[in-house]
Amino acid sequence: MSYDISLIFQIAGVGIVVAMMHTVLKQMGKEDMAQWVTLIAFVVVLFLVASVVDDLFQTIRSVFLFQG
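The opening position of the sequence shown corresponds to residue 1 in my numbering, with each subsequent residue numbered one higher.
The hints are simulated quantities; they were obtained by calculation from the structure and are not laboratory data.
Ideal Cβ positions, reconstructed from N, Cα and C, are used throughout, including at glycine.
Do not take every clue at face value.
Label pairs and their computed distance ranges (CB to CB) [to be verified]:
1. Ile60 with Asp32: 40 to 50 Å
2. Leu65 with Trp36: 38 to 48 Å
3. Phe9 with Ala50: 17 to 27 Å
4. Met33 with Val63: 41 to 51 Å
5. Gln58 with Lys26: 34 to 44 Å
6. Met33 with Ser62: 40 to 50 Å
7. Arg61 with Leu7: 13 to 23 Å
Given these sequences and hints, build the entire structure.
Quick look at the structure:
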């Protein structure tokens with residue numbers, strides 16, 4: 001279970017893009033769209049992190065239950 005740093009860069013990239021989109025949409029007067037963009041980005045990042053946590057739990061299960 002060796003993860004490279006690409007997941008961290010993906011999450012940071014999503015954060016930077018969403019922050020810029022949020023700022024632009026808010027300055028255009030579309031606060032509701034800015035909040036939707038932020039919410040959708042949060043869900044996307046949550047799915048990215050959930051897949052890594054699932055891999056972690058599978059590894060822990062295989063170590064402690066001696067299953068391959």
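A quick look at each hint next to the structure:
1. A C-beta distance of roughly 42 Å is found between Ile60 and Asp32, which places it inside the suggested range of 40 to 50 Å.
2. For Leu65 and Trp36, the hinted distance range of 38 to 48 Å is satisfied, since their beta carbons lie about 42 Å from each other.
3. Our hint of 17 to 27 Å for Phe9 and Ala50 holds, since their Cβ atoms are close to 18 Å apart.
4. Taking the beta carbon of each, Met33 and Val63 are about 46 Å apart, inside 41 to 51 Å as hinted.
5. Checking the proposed 34 to 44 Å range against Gln58 and Lys26 shows it holds: the Cβ atoms sit about 41 Å from each other.
6. Taking 40 to 50 Å as the suggested C-beta distance range, the pair Met33 and Ser62 conforms, at roughly 44 Å.
7. Between Arg61 and Leu7 the C-beta distance comes to about 21 Å, which sits within the given range of 13 to 23 Å.
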